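Q: For reference, the chains in residue letters:
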Amino acid sequence: MPAGAPLEDELEVPERRQSPLRMTVVRLFRHQLFLSGLVLFGLIAVVGVLAPLLTDINPNKLGMRTRFQAPDAAFLFGTDNFGRSLWSRTVWGAQLSMMIGLSVVLLNAVFGTLIGALAGYFPRLDNVLMRVNDALMAFPAILLAIAITAVLGPSIVNAILALAIVYIPRTARIVRASVIVLREMEYVQAAIAAGAGHWRILRRHILPNAMAPLIVQLSFLFAYAVLSEATLSFLGLGAVPPTPTWGNIMAEGRQYMVEAPWIITIPGIALMITVMGLNLLGDGLRDVLDPRLRIQQ
Amino acid sequence: MSLLEVRGLTTAFRTERGEINAVEDITFDIDEGEILGIVGESGSGKSVTALTIMGLLPQPPARVAAGSVRFRGETLTGMSEPRLERIRGSGISMVFQEPMTSLNPVFTIGEQIMETVRAHEKATPRELRDRAVEMLDKVGIPSAAKRLGDYPHQLSGGQRQRVMLAIALACRPKLLIADEPTTALDVTIQAQVLDLLMDLRDEFGMAVMIITHNMGVIAETADRVLVMYAGRIVEQAPVVRLFERPEHPYTRGLLECVPTLEQDTERLAAIPGSLPEPGRRPPGCRFAPRCRWRIDACRTGLPPLVEQEPGHASACIRAAEIAAQIGAA
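Respectively, the protein sequence lines represent chains A and B.
Residue 1 is where the first sequence starts when you use the working numbering, and the numbers rise one by one after that.
Residue 1 is where the second sequence starts when you use the working numbering, and the numbers rise one by one after that.
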């Protein structure tokens, strides 16, 4: 065997074809905060998706003989003042919360990105769009949402619309800030010099690079949306009772807080798990996607 | 008709102190296949000239206040943006100074080359890929087909500048503008990139406008040279002529800043002082405050760019005297 052969094998240059997406996923799964957030949020999301399999009791089925049952074997989470199964109501509530959160996030991803990109890229549009934005942001978030649902009337769709309107200006601002920075990057200049038009520049060179802060923002937004929707329901401005949203359950349980504390506590804990999970998830995403912002431990 | 004809070009910027001319009355031609060097200190208007030709300056605050740029007979100044987009990349291309930030970090280099071709030509994915491989090969990236999927962060500075060249040349432009293409690179890599630039000129038959503040780069590459100072052309000559018989004191100063092997000097000559700010340019010759040849007459009126001999023009009232002195020495 020639002496040089094994050495050459060792010198083989390794393939360096590692896509950034794959590297990001690997780093995310090594991040403990992200993982714990994913587990908490994943738990609620899976429960929401599997709701029809997890309970065969109609969440609105009344039971006069089973009112105010404390959690036990028959009723895992107990029953409320109408004898409805809280397990069933909380599980279906998870599904509604996920749907509402996801809808608000998607609306934000589309319209927030559109408005932010236009404002950031075209200085002529910036002033008009951002002043409207500022006007909307001048209201405290929940107050504006209450005002909008008060006008539109209480329903799930209206709550989603109201929350989208409230949060889109915030998302737009974040996208705009990234776009303004990216617009001045040399590779954008180089792309213009190579004959790329505005649309191509935005789509290929600016928006893909603006995704990291947007994704982080959207994960926090999911948490705000779930929390705000619960607030609206609690105030009677979200889904109409008896729709089993967590806010509705808590609103009804509030009167029996002393006699039947589980009614308000159980959806409250579910809400807390969701929000905390999403916040940890968002922190993890921020650490991995934008390492410069990481807080040194 | 030359490939590029710049006539009396004046680009002004709106500032708090009123409109200021970044470059003034720039007139020059570039012929097909020619390499034109533009030298001058930082702030002398080299890049503004290039960006005005490309139509890349944001308007406002920038404005072409006078003059015109014609490319293959078409007037670029005042041309609509969609028409300019068609010329950029396929007619005139540009390579920037900073290879580390001139590539989009989220796409592979192959995609970025194909993207440029796609903007100008209809091609099948197969053809696009072949073109990308061909271009990477031409600019000397080894095993080009394998490197198509590399991201910019996997490449060194010199390799990135090669990729920039591949992108700029992918659509076979007639004119390449290279704005300080080697400034950010190691000295050893600089020579390689310049050699590559000249090889590509020979292969594609394109003209090159190379902007630099490095006289060595000019000497190695250019056929003809423009020397710019404070927004104006002060001297214009074929490269050999410029190095042998510089007429403008500023050109002489620049040449004296270059160390030579023959002369055993301890210190290099420097031009005293610094470039005047665009808003506070002196009356008369702009170089006068820093010029050791200045006389009282220099302060009255801008010296015009006068052709002393065919192809060699300079903007100094004592040009003949200075040239004669060099000839004697």
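Treat the hints as calculated values from the structure; they're not laboratory data.
If you're wondering where the values come from, they're calculated on a predicted model, not measured in any experiment.
Idealized CB from N, CA, C, for every residue including glycine.
There may be inaccurate statements among the hints.
Here are the simulated distance ranges between beta carbons [as the list claims (entries may be wrong)]: (1) B:Gly157 to A:Met23: 53 to 61 angstroms; (2) A:Leu50 to B:Ala145: 42 to 50 angstroms; (3) B:Arg126 to A:Met272: 52 to 60 angstroms; (4) A:Leu143 to B:Glu74: 53 to 61 angstroms; (5) B:Pro58 to A:Thr265: 54 to 62 angstroms; (6) A:Ala177 to B:Arg63: 52 to 60 angstroms; (7) A:Val25 to B:Ser156: 57 to 65 angstroms; (8) B:Arg14 to A:Arg203: 28 to 36 angstroms; (9) B:Lys146 to A:Met23: 14 to 22 angstroms; (10) A:Arg131 to B:Glu16: 49 to 57 angstroms; (11) A:Pro20 to B:Gly157: 14 to 22 angstroms.
Q: None of the hints should be skipped; say for each whether it holds.
A: Here is how each hint holds up against the structure:
no.: 1; hint: B:Gly157 to A:Met23: 53 to 61 angstroms; verdict: violated (22 angstroms)
no.: 2; hint: A:Leu50 to B:Ala145: 42 to 50 angstroms; verdict: holds (47 angstroms)
no.: 3; hint: B:Arg126 to A:Met272: 52 to 60 angstroms; verdict: holds (55 angstroms)
no.: 4; hint: A:Leu143 to B:Glu74: 53 to 61 angstroms; verdict: holds (58 angstroms)
no.: 5; hint: B:Pro58 to A:Thr265: 54 to 62 angstroms; verdict: holds (59 angstroms)
no.: 6; hint: A:Ala177 to B:Arg63: 52 to 60 angstroms; verdict: violated (28 angstroms)
no.: 7; hint: A:Val25 to B:Ser156: 57 to 65 angstroms; verdict: violated (27 angstroms)
no.: 8; hint: B:Arg14 to A:Arg203: 28 to 36 angstroms; verdict: holds (31 angstroms)
no.: 9; hint: B:Lys146 to A:Met23: 14 to 22 angstroms; verdict: holds (19 angstroms)
no.: 10; hint: A:Arg131 to B:Glu16: 49 to 57 angstroms; verdict: violated (24 angstroms)
no.: 11; hint: A:Pro20 to B:Gly157: 14 to 22 angstroms; verdict: holds (20 angstroms)
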